[in-house]
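Colleague: For reference, the chains in residue letters:
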Amino acid sequence: MVISLLTDFGLSDNFVGVTKAVILNINSEVELIDISHGIRPHGIKQAAFLLKHSFKFFPRGTIHVVVVDPTVGSTRKNILVETDNYYFIAPDNGVLSLALREDKIRKIIQISNDEYFLKPTSDTFQGRDIFAPIAAYLSEGISITRFGKTIKGISTVKLPKVTIKKNCLIGEVVYFDNFGNLITNIDKKLFQDFTRKDKFMIRIKNRIIKRIAHSYSEAKLGIPLAIFDSFDMLEISINQDNASKFLQSKIGTKVSIEK
Amino acid sequence: MVISLLTDFGLSDNFVGVTKAVILNINSEVELIDISHGIRPHGIKQAAFLLKHSFKFFPRGTIHVVVVDPTVGSTRKNILVETDNYYFIAPDNGVLSLALREDKIRKIIQISNDEYFLKPTSDTFQGRDIFAPIAAYLSEGISITRFGKTIKGISTVKLPKVTIKKNCLIGEVVYFDNFGNLITNIDKKLFQDFTRKDKFMIRIKNRIIKRIAHSYSEAKLGIPLAIFDSFDMLEISINQDNASKFLQSKIGTKVSIEK
Amino acid sequence: MVISLLTDFGLSDNFVGVTKAVILNINSEVELIDISHGIRPHGIKQAAFLLKHSFKFFPRGTIHVVVVDPTVGSTRKNILVETDNYYFIAPDNGVLSLALREDKIRKIIQISNDEYFLKPTSDTFQGRDIFAPIAAYLSEGISITRFGKTIKGISTVKLPKVTIKKNCLIGEVVYFDNFGNLITNIDKKLFQDFTRKDKFMIRIKNRIIKRIAHSYSEAKLGIPLAIFDSFDMLEISINQDNASKFLQSKIGTKVSIEK
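Residue numbers (our numbering), protein chains in the order written: chain F, 76 to 334; chain D, 76 to 334; chain U, 76 to 334.
Simulated from the structure, these hints should not be mistaken for laboratory data. Honestly, I wouldn't trust all of these hints.
A pair counts as met if it fits within one copy or between any two copies, since identical chains are not told apart.
Stated by the list, open to error - Simulated crosslink set (BS3-like; lysine-lysine; CA at most 25 Å straight-line): (1) K194 to K131; (2) K295 to K274; (3) K127 to K194; (4) K240 to K329.
Chain F extracted, bound-state conformation (with noise of 0.2 Å):
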């Protein structure tokens, strides 16, 4: 059984390692595979952008528990979600909504049975005290409707749209991966559909790119060029350099392709 891990703790205190530790003490058996814990404090846009994209790869039955939790110790919910091919737990703060778009719903508790809690429970790192330990019981086969009541719907995050007027279509950078390239909001298919077999000119910072690229390698060295990445998305990129630094954009600069 695998459990995935996705917080924004960072890697230099001690909160995956004691994390980890808790499920360990319950379930030894688990496989823990971490997704990322370099999300921004809070960046709970961020992390469900990676949740979106990396759930899938999993083998079915994960669990998949993501702690970015401003909000921890308040009235907002802890969740945990039975899908059609996987179980989510997290803060329910909006960080599962993208990815919970793309498998089917089954169940959601709202966690409360504090009888699965580390104990003593402390204000302010639940993902030690309640989303390791239940994650770790879940995994040992207890049924999910001991840990708390079905509720209805989950908290969603709003992402930026894409706009469509006349013939151009506008969009924006949404992240920006370690290599400095920068993935937009607009997906292949949305694209495609927009410029079917016309031709087009994609701007990005008064920068003008005509086509797509299949490789990196096809641009020549400090040129901007267009590729459909891992994510499926339109990204901004340079060949062997680093488009975010180079083009001085980040998450909210404006994409634009016009025909």
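With chain F's structure known, arrange chains D and U on it following the hints.
Modeller: What follows is chains D and U alone, placed relative to chain F:
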């Protein structure tokens, strides 16, 4: 069998990877859990603090390997400590001393039997060449007395003490985490014994806090709050912001409580 | 069965996590060990150096997956190499070449059989879509000849060479680690063959060192020292300080030895 690792190796080099490789090469059945590798280079006190607040969450019998070792290869000893519930392996520089106050010591071994070392043994990397193989052989059930002779005491670190003068308790920041939360050396019991049910003022950098929160969300954005955190220590935080940056505070900043 | 991972993915994105997920989805029995994901983006030489100094510590039969791949999707090959003791999977850009000098090559396969690729295969992330599944299927015992046809040679990286003129040996810094230690391209045997039992002076940035230390602690604080390190290379360090910062040195800084 779990082996935990806590070091100042960082994650850019191959140091953590080869340490784990050496362990698995001897015992492929162990479960390796990272507490952290983000200790500041040579940060013995920081590691001692994190170990103290981590070791008890692990399954009984876990072997905790701590390698923060500025004096590697000098005359300082390498030690293996058996307590009522765990094993600890580290250089004898105080890094174990805070944890060992909280779990009864049964036996201290000075590691010396090079039959269990990796050969050739380097001058600079005993984590790989000594601590890793000793941990692996220990996990296989080799008796701890095989690794060296029994000794009496261990080195300790000195942490700043809390002082109480009349109606004023003075502590200080001893750690700050990934979120910029400022963790003090004032624990919950000490705080409660001092304030009893009286009114109090917590002062840090000329900001005043008059109550203990039970959730970061209780405070308005941008206003410092005090909370007992997952370390069970008094922590100064800012709701959804970085208190360390906001208050320009770090390790050593005074925190006083006045009645 | 152990699979090691060495990449320039960093730990902030989900790249490492999904690579592992793909592997576990095919073979849930493997043990995944990170050598490092902190290689500078596109740092082929840095990865080649770390692989050379890591692979032998792993259990025999380990599959080493190295993904530092600036020309992903171009005409460069993907290769699987079987040596006397290990397997290596990587783009053919020289990243394996230093390690493969030290373990006899039995067979080189150009990976081409897309029956074993993840579908749909992206243009930008062969670590997830090709290297990960090939490693997983290999770990399950699939014969390496199933993955593609045998080829003859591999690409190599060129490292700076040591030059010797009269009584002067000139090398340079090729790596610096988390502690700021400066690792040169002068190995122990070369040094000893050159200096024999003569007196010598090691010169870096106009600082002079006249002896080889056997522990960082032998040097006074603030004084540069020379030591043979865990890479078995001549290393310039400062006891409990960061030599890279202190000496304002990094990769390419000359280090000379005069007799």
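Colleague: Within a copy, between copies, both or neither: where do K194 and K131 come within 25 Å Cα-Cα?
Modeller: So K194 and K131 pass the 25 Å test across copies only (13 Å; inside, 33 Å).
Colleague: I want to check one pair: K127 and K194. Are their C-alpha atoms no more than 25 Å apart within a copy, between two copies, both, or neither?
Modeller: between (32 Å within a copy, 18 Å between copies)
Colleague: For K240 vs K329, is the C-alpha pair at or below 25 Å within one copy, between two copies, both, or neither?
Modeller: within (14 Å within a copy, 58 Å between copies)
Colleague: How would you classify K295 and K274 at a CA-CA limit of 25 Å: within, between, both, or neither?
Modeller: within (21 Å within a copy, 52 Å between copies)
Checked against the numbered hints listed earlier, the structure breaks none of them; every hint is satisfied.
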